[in-house]
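Colleague: Below are the chains, spelled out letter by letter.
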Amino acid sequence: MSATHPGSGGYIVPTRDVASEELVLNMGPQHPATHGVLRVAVKTDGEVVLDCEPMVGNIHRCKEKIAENVTYVQFMPYTDRLDYLAAMNNEECYARAAEKLLGLKLPERIEYLRVIFAEAGRISSHLMSIGTYGLDVGAITPFLYCFREREEANHLFEKISGGRMLYHYMRIGGVARDPDDAWIQRLLQFLDQVEEKMDEYNTLMTWNKLFQERTMNIGVLSREKALAFGITGPALRASGIDWDCRRDDPYGIYDRFKWEVPVADGKHGTLGDCWNRHYIRALEMKQSISIVRQAIDKMPKANPDELPPPESPHKPFLAKGVPRSLQAPKGAEVYVRSENPRGELAFYMVSDGGKSPYRVKVRGPSFCNIALLPEVTRGYLLSDLVAIIGSIDIVLGEVDR
Amino acid sequence: MSYFKELWDGIRTTAQGLRLTGGYLTKKGVYTIQYPEETLPIDKVTHRGIHEYDVDRCISCENCAKACPVDCIYIESAPDEKGKPSKGKAAIMTRFDIDYSKCLFCGLCVPPCPSECIQLGERYSLPGHTRDDMVVHFHEGGYPIQEKTEHAKSMIAEFRTENLYEKKRKERADRGIPTLRPAE
Amino acid sequence: MTVTEIGALLKERFGEKILEVVDDERHGHVRVAADAWVAVATFLRDDPRTRMEMCHDVTAVDWIEHFDVVVHLYSLAKKHKVALKTKTPSRDDATCPSLTGVWPAADWHERETWDLMGVRFTGHPDLRRILLPEDWEGHPLRKDEGNPLEYHGIPGIAAIRGAEERLREEELAKKKQRAGGHPGPHPAVGSHPTDGVTPGVKP
Amino acid sequence: MREGLTNLLSGLPQWLQDIALPVLFGLIPAVIIVLGVVTPVGLVGIWGERRIAGKIQDRVGPDRVGISLGPIKSRLFGLGQSVADGVKLLGKEDFIPPGGLGLMFLCAPLVVFAGALALFAALPFGPALWAADPNLGIFYLLSVGALEVLGVLMAGWSSNNKWSLLGAMREVAQVISYEIPMAIAALCPVLLAGSMKMSSIVADQTNGLDLWGLHIAAPEATALGWNLFAAFPFNIIAFVVFYICALAALKRAPFDLPECESELVAGFLTEYSGMRWSLFFLGEYAAMWAMSGIATVLWLGGWTGPLHGFLAGVDVGPIPGGVFFGTLAFVVKTTILFLLMIQIRWTLPRLRLDQVMSLCYKYLIPAAMLCMLASGAAALLASGGAGS
Numbered sequence: 001m002s003a004t005h006p007g008s009g010g011y012i013v014p015t016r017d018v019a020s021e022e023l024v025l026n027m028g029p030q031h032p033a034t035h036g037v038l039r040v041a042v043k044t045d046g047e048v049v050l051d052c053e054p055m056v057g058n059i060h061r062c063k064e065k066i067a068e069n070v071t072y073v074q075f076m077p078y079t080d081r082l083d084y085l086a087a088m089n090n091e092e093c094y095a096r097a098a099e100k101l102l103g104l105k106l107p108e109r110i111e112y113l114r115v116i117f118a119e120a121g122r123i124s125s126h127l128m129s130i131g132t133y134g135l136d137v138g139a140i141t142p143f144l145y146c147f148r149e150r151e152e153a154n155h156l157f158e159k160i161s162g163g164r165m166l167y168h169y170m171r172i173g174g175v176a177r178d179p180d181d182a183w184i185q186r187l188l189q190f191l192d193q194v195e196e197k198m199d200e201y202n203t204l205m206t207w208n209k210l211f212q213e214r215t216m217n218i219g220v221l222s223r224e225k226a227l228a229f230g231i232t233g234p235a236l237r238a239s240g241i242d243w244d245c246r247r248d249d250p251y252g253i254y255d256r257f258k259w260e261v262p263v264a265d266g267k268h269g270t271l272g273d274c275w276n277r278h279y280i281r282a283l284e285m286k287q288s289i290s291i292v293r294q295a296i297d298k299m300p301k302a303n304p305d306e307l308p309p310p311e312s313p314h315k316p317f318l319a320k321g322v323p324r325s326l327q328a329p330k331g332a333e334v335y336v337r338s339e340n341p342r343g344e345l346a347f348y349m350v351s352d353g354g355k356s357p358y359r360v361k362v363r364g365p366s367f368c369n370i371a372l373l374p375e376v377t378r379g380y381l382l383s384d385l386v387a388i389i390g391s392i393d394i395v396l397g398e399v400d401r
Numbered sequence: 001m002s003y004f005k006e007l008w009d010g011i012r013t014t015a016q017g018l019r020l021t022g023g024y025l026t027k028k029g030v031y032t033i034q035y036p037e038e039t040l041p042i043d044k045v046t047h048r049g050i051h052e053y054d055v056d057r058c059i060s061c062e063n064c065a066k067a068c069p070v071d072c073i074y075i076e077s078a079p080d081e082k083g084k085p086s087k088g089k090a091a092i093m094t095r096f097d098i099d100y101s102k103c104l105f106c107g108l109c110v111p112p113c114p115s116e117c118i119q120l121g122e123r124y125s126l127p128g129h130t131r132d133d134m135v136v137h138f139h140e141g142g143y144p145i146q147e148k149t150e151h152a153k154s155m156i157a158e159f160r161t162e163n164l165y166e167k168k169r170k171e172r173a174d175r176g177i178p179t180l181r182p183a184e
Numbered sequence: 001m002t003v004t005e006i007g008a009l010l011k012e013r014f015g016e017k018i019l020e021v022v023d024d025e026r027h028g029h030v031r032v033a034a035d036a037w038v039a040v041a042t043f044l045r046d047d048p049r050t051r052m053e054m055c056h057d058v059t060a061v062d063w064i065e066h067f068d069v070v071v072h073l074y075s076l077a078k079k080h081k082v083a084l085k086t087k088t089p090s091r092d093d094a095t096c097p098s099l100t101g102v103w104p105a106a107d108w109h110e111r112e113t114w115d116l117m118g119v120r121f122t123g124h125p126d127l128r129r130i131l132l133p134e135d136w137e138g139h140p141l142r143k144d145e146g147n148p149l150e151y152h153g154i155p156g157i158a159a160i161r162g163a164e165e166r167l168r169e170e171e172l173a174k175k176k177q178r179a180g181g182h183p184g185p186h187p188a189v190g191s192h193p194t195d196g197v198t199p200g201v202k203p
Numbered sequence: 001m002r003e004g005l006t007n008l009l010s011g012l013p014q015w016l017q018d019i020a021l022p023v024l025f026g027l028i029p030a031v032i033i034v035l036g037v038v039t040p041v042g043l044v045g046i047w048g049e050r051r052i053a054g055k056i057q058d059r060v061g062p063d064r065v066g067i068s069l070g071p072i073k074s075r076l077f078g079l080g081q082s083v084a085d086g087v088k089l090l091g092k093e094d095f096i097p098p099g100g101l102g103l104m105f106l107c108a109p110l111v112v113f114a115g116a117l118a119l120f121a122a123l124p125f126g127p128a129l130w131a132a133d134p135n136l137g138i139f140y141l142l143s144v145g146a147l148e149v150l151g152v153l154m155a156g157w158s159s160n161n162k163w164s165l166l167g168a169m170r171e172v173a174q175v176i177s178y179e180i181p182m183a184i185a186a187l188c189p190v191l192l193a194g195s196m197k198m199s200s201i202v203a204d205q206t207n208g209l210d211l212w213g214l215h216i217a218a219p220e221a222t223a224l225g226w227n228l229f230a231a232f233p234f235n236i237i238a239f240v241v242f243y244i245c246a247l248a249a250l251k252r253a254p255f256d257l258p259e260c261e262s263e264l265v266a267g268f269l270t271e272y273s274g275m276r277w278s279l280f281f282l283g284e285y286a287a288m289w290a291m292s293g294i295a296t297v298l299w300l301g302g303w304t305g306p307l308h309g310f311l312a313g314v315d316v317g318p319i320p321g322g323v324f325f326g327t328l329a330f331v332v333k334t335t336i337l338f339l340l341m342i343q344i345r346w347t348l349p350r351l352r353l354d355q356v357m358s359l360c361y362k363y364l365i366p367a368a369m370l371c372m373l374a375s376g377a378a379a380l381l382a383s384g385g386a387g388s
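Chains as they are written, first to last, in my numbering: chain A, 1 to 401; chain B, 1 to 184; chain C, 1 to 203; chain D, 1 to 388.
Please keep in mind that the hints were generated in silico from the structure rather than gathered at the bench. Do not rely on the hints blindly, as some may be mistaken.
Derived BS3-like pairs: lysine-lysine, alpha-carbon spacing no greater than 25 Å straight-line [claimed, not checked]:
| id | chain 1 | residue 1 | chain 2 | residue 2 |
| --- | --- | --- | --- | --- |
| 1 | A | Lys63 | B | Lys66 |
| 2 | A | Lys301 | A | Lys315 |
| 3 | B | Lys148 | B | Lys89 |
| 4 | C | Lys87 | C | Lys17 |
| 5 | C | Lys143 | A | Lys63 |
| 6 | B | Lys102 | A | Lys355 |
| 7 | A | Lys355 | A | Lys315 |
| 8 | C | Lys143 | A | Lys355 |
| 9 | B | Lys148 | B | Lys66 |
| 10 | A | Lys65 | C | Lys85 |
| 11 | A | Lys225 | C | Lys78 |
| 12 | B | Lys66 | A | Lys65 |
| 13 | A | Lys330 | A | Lys301 |
| 14 | B | Lys153 | B | Lys167 |
| 15 | A | Lys315 | B | Lys87 |
| 16 | B | Lys66 | C | Lys143 |
All values derive from a computational prediction rather than experimental measurement.
Construct the entire structure; sequences and hints are all you get.
Modeller: Quick look at the structure:
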């Protein structure tokens with residue numbers, strides 16, 4: 001007597017005549033594969049996952065409450081700590097949200113710098129997620145290779161912003177510092193290095209048969225489910241949905257660049273499986289490299305009329321006319337989203353005319369993506385659960401906020 | 001047929017992986033550095049480490065404390081003749097504490113300073129056993145500041161010509177405020 | 001489609017249930033009466049002209065006398081967006097129909113809104129706390145919610161602030177004493193040196 | 001020396017002599033050899049693994065702990081790291097999980113280590129350099145190698161921890177399955193040599209190459225006589241099958257499911273700490289080396305081969321050249337296989353349990369059976385060709 005579990009990944013769950021019990025495993029919050037302090041309560045039958053429930057909130061840091069008590073400028077360093085692996089992208093989104101709320105207009109050079117840094121941040125973040133995904137399925141070496149490249153990105157960001165992980169580089173109405181030519185040259189070298197070394201990750205992971213066995217046809221997320229659960233980012237594109245809000249709902253100056261949005265075509269594995277989610281990230285890195293190169297080519301020099309050089313190295317590089325004390329009009333509200341490495345981050349900000357926002361809501365992509373974990377893991381093995389969590393690529397700083 | 005193809009794929013990709021790692025085994029040199037002997041270069045201008053602060057140049061305007069998102073800067077100055085906390089060039093700092101268990105190292109305290117007496121420095125190591133070890137009492141000397149800008153340099157020259165450094169040090173000694181900063 | 005067009009479409013279909021259409025450059029939204037909340041959402045999802053497949057975000061804003069529940073919708077096929085807003089009846093009766101039946105994505109967002117804002121979503125299958133512990137009292141993002149003094153022996157920020165300040169002043173006084181300056185404890189410290197510095201003690 | 005001792009003991013009663021002589025001349029040297037080999041192999045193996053992992057991953061690895069004895073100061077490439085770790089682990093709390101089966105928990109690492117230790121007893125390091133050379137050598141080695149399962153199951157069961165239990169169950173399922181192709185693959189050289197005795201299998205590999213009834217006289221130095229090339233190409237496949245099975249039986253990556261850190265925290269090791277934990281590791285590395293040694297004996301000619309073939313006549317001090325270079329050849333070949341195990345670990349991702357099983361039953365067992373048949377046929381042809 002045996003039956004396939006409803007919604008299972010094809011594993012046969014025997015229905016026994018003998019009395020047996022389900023095993024409830026408490027995975028996390030200090031489990032090595034939960035990417036932080038996620039706790040997943042897993043109900044298993046042997047090694048087959050019958051059901052699971054992610055329990056979040058272990059590092060809830062009251063970010064939204066804090067935002068109501070600090071000024072617009074002061075909230076910027078806190079946004080670094082949302083998705084701490086892609087701090088540049090968070091800052092970029094928050095800066096745009098605040099600028100839209102305050103009605104500021106940006107000079108060209110700042111717009112280009114935003115794009116360069118956001119895409120470099122995406123490369124840095126994807127390096128991390130690809131590396132840790134290798135760790136999740138047991139390949140330890142690609143993790144260190146990815147870290148080597150990420151280290152270069154850290155050096156670059158440290159050189160320009162002073163921080164290695166939490167940059168606080170974007171400022172409302174500008175950036176912290178204007179990069180010089182030597183820095184740009186180094187950035188180009190970094191891009192070359194990543195492009196060259198990506199073959200190594202692909203050899204050790206993407207095209208490796210064992211890795212494919214572990215990840216292909218696992219955790220299949222169908223188109224319909226992906227849409228219904230509000231999945232965004234690489235996970236959405238891995239399900240075959242051609243959507244990237246940088247291209248389809250362009251913000252900043254993304255409409256000026258030519259690049260392809262990588263979408264899974266189901267040639268390898270199943271549409272929406274773990275392997276596709278991993279591979280989309282690898283392809284996205286290539287596209288980001290291309291965007292950064294285009295932006296560097298096109299970036300204009302700073303026009304001192306609208307973008308005066310800062311008086312001292314301590315002062316941020318701001319557009320002319322950005323007031324020192326920022327105040328938004330009463331009742332103004334914005335909802336600004338940006339394509340983060342993990343999905344669409346959005347800030348919903350409401351102003352009551354004061355110096356600090358009246359309400360800030362952070363829509364973290366990881367928060368929405370992790371909600372579907374029970375849907376995609378039912379019927380797979382315990383090992384697959386780890387692979388699925390890794391492929392969704394969550395950052396708990398953003399889930400718990 | 002797929003049986004043999006999968007077998008072949010497995011062998012082929014495994015061999016490719018082994019060739020890659022084997023290449024690293026025979027490669028000369030490594031990417032990482034040996035930490036205590038070698039350290040990574042730190043950019044003097046941009047690095048955001050533990051603050052550097054000049055207690056004598058501080059005018060006690062509290063701009064830095066107001067700009068701080070986490071309220072980790074505590075400022076007090078000695079009262080002047082009128083009994084109010086002294087401000088301006090003559091201010092005598094009785095307290096300038098930064099609580100590094102709270103500090104975000106965001107650097108927002110640096111731009112508003114009119115006398116450029118506070119900036120983020122190169123130090124990054126502040127080990128301690130208690131939370132109180134994380135509080136640095138800058139008014140007792142703290143870390144000497146490195147002048148990065150022309151403005152700061154000119155201010156120091158001004159202070160020297162007016163002999164303000166000497167005056168303030170003497171006054172602090174009179175008031176019994178400990179000064180750990182070595183005499184120049 | 002712009003927000004105005006979507007608003008017109010909705011007005012045509014739902015009449016006076018659509019209270020307001022704001023096509024602001026910053027934030028275009030449609031204000032809907034609470035009793036038509038689910039119907040409007042379902043219409044927006046299913047109508048071939050709108051096809052709002054993605055529920056991006058559900059949240060609430062505390063306007064003291066009532067809460068605004070805000071939903072941000074996107075259509076990937078049509079590449080347009082709209083926000084829906086509705087009022088809760090009052091501050092005490094902060095309820096709103098749940099959208100989990102329309103978009104499963106609303107599940108966790110609504111749980112979060114309930115957790116932090118205290119808006120009760122009727123019809124939600126599993127309305128539990130999500131970010132805060134199960135036994136937490138109150139909803140911290142409400143404007144009248146203060147800082148708790150203690151939670152399971154962990155002192156709240158209000159309690160810590162007092163203790164920290166005293167600790168620091170005490171230490172300063174000690175340093176002054178060592179330097180031979182002002183002798184005696186700081187007036188704020190009190191007679192006993194450890195008064196009020198034990199964590200968890202309310203000041 | 002032996003005679004002197006025998007004379008010394010001759011005054012004792014006969015029954016005591018009967019016990020004392022075998023113990024003195026058999027057991028004690030054997031234990032010294034085995035312990036003197038196993039522990040250094042374990043310690044150096046752990047250090048080697050970490051250094052190689054470092055090199056593969058573009059970093060340094062442990063290179064600090066060396067010797068500092070007065071004027072002699074050397075980092076020795078960090079060789080002291082394992083010793084330093086051992087000292088640290090000795091100082092750790094010996095934690096016994098509450099609610100677990102205490103005695104079983106304490107014994108489990110000993111069982112695992114004893115299994116690894118026993119492997120060395122029948123491993124021929126060089127010509128006449130072995131603790132024992134039983135007639136059923138291979139049979140003994142394969143049986144003793146499976147002892148480890150018992151220890152791991154004990155560890156997992158007695159830990160009172162769900163992760164440990166899952167790890168132990170995986171280990172049992174995996175290792176017992178892999179015993180089958182491993183034994184079948186090991187039968188190929190046995191068929192070719194017509195003996196299960198380790199020394200006979202080695203001796204058989206100096207006789208030149210039998211290629212499907214065609215006998216090619218090959219001097220020892222060419223290494224053509226190795227079983228690896230016998231019944232070409234089936235023994236190469238058998239060797240690979242055996243090697244993969246050895247990886248699985250030793251729960252090395254990519255088969256390290258019982259202790260895979262990203263899924264089961266640390267599997268059956270979750271609750272272990274201190275010296276007991278390190279015993280598991282010492283046992284694992286010793287067993288790795290021993291398994292490589294078995295593969296060397298079965299397919300790579302044991303102590304024979306180029307090195308031994310060329311230099312057998314050159315004595316090194318008091319040691320006869322045959323013994324010295326034979327042992328050296330064995331150690332070199334075994335260590336190369338050992339290093340390959342390490343390199344594989346740092347290259348491949350981990351398999352899933354059902355894939356481990358399907359690899360065993362779908363690929364390895366058929367391949368091993370085919371190789372056994374081919375080897376049997378080759379042996380038959382060879383004997384027919386020889387006219388015996």
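Colleague: Could you run down the list of hints and mark each one as holding or not?
Modeller: Hint check:
1. A/Lys63 / B/Lys66: holds, 20 Å
2. A/Lys301 / A/Lys315: Holds, at about 19 Å.
3. B/Lys148 / B/Lys89: holds, 20 Å
4. C/Lys87 / C/Lys17: holds, 12 Å
5. C/Lys143 / A/Lys63: Roughly 15 Å separates the two Cα atoms, so the pair holds.
6. B/Lys102 / A/Lys355: Roughly 23 Å separates the two Cα atoms, so the pair holds.
7. A/Lys355 / A/Lys315: It holds: about 21 Å lies between the C-alpha atoms, which stays within 25 Å.
8. C/Lys143 / A/Lys355: holds, 16 Å
9. B/Lys148 / B/Lys66: At roughly 23 Å apart (the allowed maximum being 25 Å), B/Lys66 and B/Lys148 satisfy the hint.
10. A/Lys65 / C/Lys85: holds, 22 Å
11. A/Lys225 / C/Lys78: holds, 19 Å
12. B/Lys66 / A/Lys65: holds, 19 Å
13. A/Lys330 / A/Lys301: Distance of about 36 Å is beyond 25 Å: violated.
14. B/Lys153 / B/Lys167: holds, 19 Å
15. A/Lys315 / B/Lys87: holds, 23 Å
16. B/Lys66 / C/Lys143: Distance of about 23 Å is within 25 Å: holds.
Consistency note: the structure conflicts with earlier hint 13 alone.
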